[in-house]
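A.B. asks: Spelled out, the chains give:
2 protein chains.
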Amino acid sequence: MIVDITSWKHVFKLDPDKTLSDEHLERICTSGTHGIIVGGSTGVTYDNTVDLLARIRQFEVPCVLEVSHRDAIVPGFDLYLIPVVLNSKDPKWIVGQHAEVLKEYGAIMDWEEVLAEGYVILNPDSDAARLTNAETTVDVQDVEAYARIAEHLFHMPIFYIEYSGTFGDMELVRQMRRTLRNTQLFYGGGIDNQEKAQAAAAAADTIVVGNIVYDDLDAALQTLYVVGLERKQYV
Amino acid sequence: MIVDITSWKHVFKLDPDKTLSDEHLERICTSGTHGIIVGGSTGVTYDNTVDLLARIRQFEVPCVLEVSHRDAIVPGFDLYLIPVVLNSKDPKWIVGQHAEVLKEYGAIMDWEEVLAEGYVILNPDSDAARLTNAETTVDVQDVEAYARIAEHLFHMPIFYIEYSGTFGDMELVRQMRRTLRNTQLFYGGGIDNQEKAQAAAAAADTIVVGNIVYDDLDAALQTLYVVGLERKQYV
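First to last, the sequence lines map onto chains A and B.
Take 1 as the starting number for the first sequence in UniProt numbering and just add one per residue.
Take 1 as the starting number for the second sequence in UniProt numbering and just add one per residue.
Looking at chain A on its own, in the form it has when it is part of the complex (with noise of 0.2 Å):
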């Protein structure tokens, strides 16, 4: 099945490192929400990666994933998203890691299941940022030069504003959102509440909701209303 994500206005993130209960996962892939993105920072192995996705795929929820770990590219995934870490001071974020893993399998990769994201990690306090490097004292003029690299430069699908583990500026994100033509633009990052949900689906496409899974399910589960998606567990 190959995902049409353009459609996708609210996703589920899921940690392979972290734990989840039968009944929690359940509720998350029958709820409604468009899509489940599998990844993490920290910890991600192929084992837990595989166990993940088995489990996601008893439901119907299109499930893809977010290659941030070499060993950890699993087959069977509806899509690959491939962060391209735009603001890292670390060339190996942007395509030096990437090399690697096409130097071993590029030449079976379908690249129909490929989709490249635009990263920009904005909180500095973040594993992602620490991990990749990120440079985050930018400013919205530097945001929107980035965001014009992964359109026009590198004509990528996806511009990702990842504010991770915090919630983020949504004027920069509106900013972002005029300044992109057709480039999908998601927003990740502290969405925790409803409001929250509200604001970050007003100014971004797709918002990812991801920690809040683990913290409070409800909580979580109320994000999908503002997006108009049906909560398909409680009819």
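FYI, nobody ran anything at the bench for these hints, they're computed from the structure.
Quick caveat, the model's predicted, so the values are computed rather than measured.
C-beta atoms are modelled at their ideal positions from N, C-alpha and C, and glycine is treated no differently.
Keep in mind that the hints are not guaranteed to be accurate.
Unchecked claim - Result set (EDC-like, lysine to aspartate or glutamate): computed pairs, CA atoms no more than 20 Å apart in a straight line:
{"#": "1", "chain 1": "A", "residue 1": "Lys103", "chain 2": "B", "residue 2": "Asp139"}
{"#": "2", "chain 1": "B", "residue 1": "Lys9", "chain 2": "B", "residue 2": "Glu195"}
{"#": "3", "chain 1": "B", "residue 1": "Lys92", "chain 2": "A", "residue 2": "Asp142"}
{"#": "4", "chain 1": "B", "residue 1": "Lys92", "chain 2": "A", "residue 2": "Asp139"}
{"#": "5", "chain 1": "A", "residue 1": "Lys92", "chain 2": "B", "residue 2": "Glu135"}
{"#": "6", "chain 1": "A", "residue 1": "Lys103", "chain 2": "B", "residue 2": "Glu135"}
{"#": "7", "chain 1": "B", "residue 1": "Lys92", "chain 2": "A", "residue 2": "Glu104"}
{"#": "8", "chain 1": "B", "residue 1": "Lys103", "chain 2": "A", "residue 2": "Asp22"}
{"#": "9", "chain 1": "B", "residue 1": "Lys89", "chain 2": "A", "residue 2": "Asp90"}
{"#": "10", "chain 1": "B", "residue 1": "Lys103", "chain 2": "A", "residue 2": "Glu171"}
{"#": "11", "chain 1": "A", "residue 1": "Lys103", "chain 2": "B", "residue 2": "Asp142"}
{"#": "12", "chain 1": "A", "residue 1": "Lys103", "chain 2": "B", "residue 2": "Glu171"}
{"#": "13", "chain 1": "A", "residue 1": "Lys92", "chain 2": "A", "residue 2": "Asp78"}
{"#": "14", "chain 1": "B", "residue 1": "Lys92", "chain 2": "A", "residue 2": "Glu171"}
{"#": "15", "chain 1": "A", "residue 1": "Lys18", "chain 2": "A", "residue 2": "Asp127"}
{"#": "16", "chain 1": "B", "residue 1": "Lys103", "chain 2": "A", "residue 2": "Asp142"}
{"#": "17", "chain 1": "A", "residue 1": "Lys13", "chain 2": "A", "residue 2": "Glu104"}
{"#": "18", "chain 1": "B", "residue 1": "Lys89", "chain 2": "A", "residue 2": "Glu100"}
{"#": "19", "chain 1": "A", "residue 1": "Lys89", "chain 2": "B", "residue 2": "Asp90"}
{"#": "20", "chain 1": "A", "residue 1": "Lys89", "chain 2": "B", "residue 2": "Glu135"}
Claimed, not checked - Listing some non-contacts, in silico: residues in chain B with all C-beta distances to chain A over 12 Å:
{"#": "21", "residue": "Val50"}
{"#": "22", "residue": "Gly76"}
{"#": "23", "residue": "Ile94"}
{"#": "24", "residue": "Asn123"}
{"#": "25", "residue": "Glu135"}
{"#": "26", "residue": "Ala150"}
{"#": "27", "residue": "Gly165"}
{"#": "28", "residue": "Leu172"}
{"#": "29", "residue": "Tyr214"}
{"#": "30", "residue": "Asp216"}
{"#": "31", "residue": "Gln222"}
{"#": "32", "residue": "Gly228"}
Following the hints, complete the assembly by docking chain B onto the known chain A.
C.D. replies: Frame of chain A; chain B shown alone:
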């Protein structure tokens, strides 16, 4: 005029920082070459770029700017090629300088006139490699991985193998031609006679003839024979 580069087999690259007589410039511009790329690694300024453009514009040959300095972005070229040095160890040559330029000009750019080039610079002793801190100790598989990044992750119209100043490994270039599907393969470096032009033209889609223009114009013009271009000036 929007130039279609896909038919380009042969181009000359002229350096604004080097001296060329009017007679020699005329012979180049009326040679039958498919285009002139204006660009250089060092000493390129707004003034010497404007000057060279104005002189080339006396002739009908397509003329494009390879942007390498933010201060030397001159309006009036047919196209703007933006180098992205995929094997640079410094992110400023991959996205950093691009972001700086786009921060200033992004809102007014005509993206129809802009083409990104995925560059791999392979001669460690060249100005270009030193300037960009290029990782030149790479094998065929590494370069193939960069080619796939250029084509499939970044959707670039051009992949450019640059041996700047020395004639490269044509077996490697041929392998990239086999790896790429739609992205156009440029080869530049050390083409200073007909035999090398023939070998390069058999391996790449487009050959770029540079330095020899300044050292031996007759030899430079002979590189046109091998790609079946008429030397109009002698008709």
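A.B. asks: Hint by hint, say whether it matches the structure.
C.D. replies: Against the structure, the hints:
For the suggested pair Lys103/A and Asp139/B, the alpha carbons sit about 10 Å apart, so the restraint of at most 20 Å is met. The suggested pairing of Lys9/B with Glu195/B holds, with an alpha-carbon distance near 16 Å, which does not exceed 20 Å. Between Lys92/B and Asp142/A the alpha-carbon distance is near 14 Å, which keeps this suggested pair within the 20 Å criterion. Proposed proximity of Lys92/B and Asp139/A is supported: the alpha carbons are some 17 Å apart, at most 20 Å.
Our distance criterion of 20 Å between C-alpha atoms is met by Lys92/A and Glu135/B, whose separation comes to about 12 Å. A C-alpha spacing of about 16 Å is found between Lys103/A and Glu135/B, which places the hinted pair at or below 20 Å, so the restraint holds. Taking the CA atoms of Lys92/B and Glu104/A, the gap is about 27 Å. The hint is violated against a cut of 20 Å. The straight-line distance between the Cα atoms of Lys103/B and Asp22/A is roughly 47 Å, outside the 20 Å bound, and the hint therefore fails.
Only pairs whose Cα atoms come within 20 Å are accepted, and Lys89/B paired with Asp90/A is accepted, the gap being roughly 8 Å. Pair hint Lys103/B plus Glu171/A holds up; C-alpha atoms about 18 Å apart against a cutoff of 20 Å. Among the hinted pairs, Lys103/A with Asp142/B is consistent with the structure: their alpha-carbon atoms are about 6 Å apart, no more than 20 Å. Among the hinted pairs, Lys103/A with Glu171/B is consistent with the structure: their alpha-carbon atoms are about 18 Å apart, no more than 20 Å.
The hinted pair formed by Lys92/A and Asp78/A fails the criterion: a straight-line CA distance of about 26 Å is larger than 20 Å. Under the criterion of a C-alpha separation no larger than 20 Å, the hint pairing Lys92/B with Glu171/A is inconsistent with the structure, at around 27 Å. A distance of roughly 15 Å separates the Cα atoms of Lys18/A and Asp127/A; the hinted pair therefore holds under the 20 Å criterion. With a CA separation close to 6 Å, the supplied pair Lys103/B and Asp142/A stays within the 20 Å bound.
Restraint check: the Cα-Cα separation between Lys13/A and Glu104/A comes to about 27 Å, which exceeds 20 Å; the hinted pair is violated. For the given pair, Lys89/B sits about 14 Å from Glu100/A by alpha-carbon distance, which is consistent with the 20 Å threshold. Among the hinted pairs, Lys89/A with Asp90/B is consistent with the structure: their alpha-carbon atoms are about 8 Å apart, no more than 20 Å. Taking the CA atoms of Lys89/A and Glu135/B, the gap is near 16 Å; set against the 20 Å cutoff, the hint holds.
The Cβ of Val50/B lies farther than 12 Å from every Cβ of chain A, with a closest approach of about 25 Å, so its non-interface assignment holds. Listed as outside the interface, Gly76/B is consistent with that label: its C-beta sits roughly 20 Å from the nearest C-beta of chain A, beyond the 12 Å cut-off. Taking the minimum C-beta to C-beta distance to chain A, about 5 Å, the non-interface status of Ile94/B is violated against the 12 Å cut. Once the 12 Å rule is applied to beta carbons, Asn123/B is consistent with being away from chain A; the minimum gap is 19 Å.
At roughly 9 Å, the least C-beta separation between Glu135/B and chain A is not larger than 12 Å, which violates its mark as non-interface. With 12 Å as the threshold on Cβ separation, the claim that Ala150/B sits away from chain A is violated: the shortest Cβ distance comes to roughly 9 Å. The beta carbon of Gly165/B is kept farther than 12 Å from every beta carbon of chain A, the shortest such distance being approximately 24 Å. The non-interface label for Leu172/B is consistent with chain A: the shortest C-beta to C-beta separation is roughly 14 Å, beyond 12 Å.
The non-interface label for Tyr214/B is consistent with chain A: the shortest C-beta to C-beta separation is roughly 31 Å, beyond 12 Å. Residue placement check: Asp216/B keeps its beta carbon more than 12 Å from all beta carbons of chain A (closest about 36 Å). Every C-beta of chain A lies more than 12 Å from that of Gln222/B, the closest at about 36 Å, which supports listing it as non-interface. Residue-level check passed: Gly228/B sits 32 Å from the nearest beta carbon of chain A, beyond 12 Å.
This entry does not satisfy hints 7, 8, 13, 14, 17, 23, 25, 26, going by the numbered hints stated previously.
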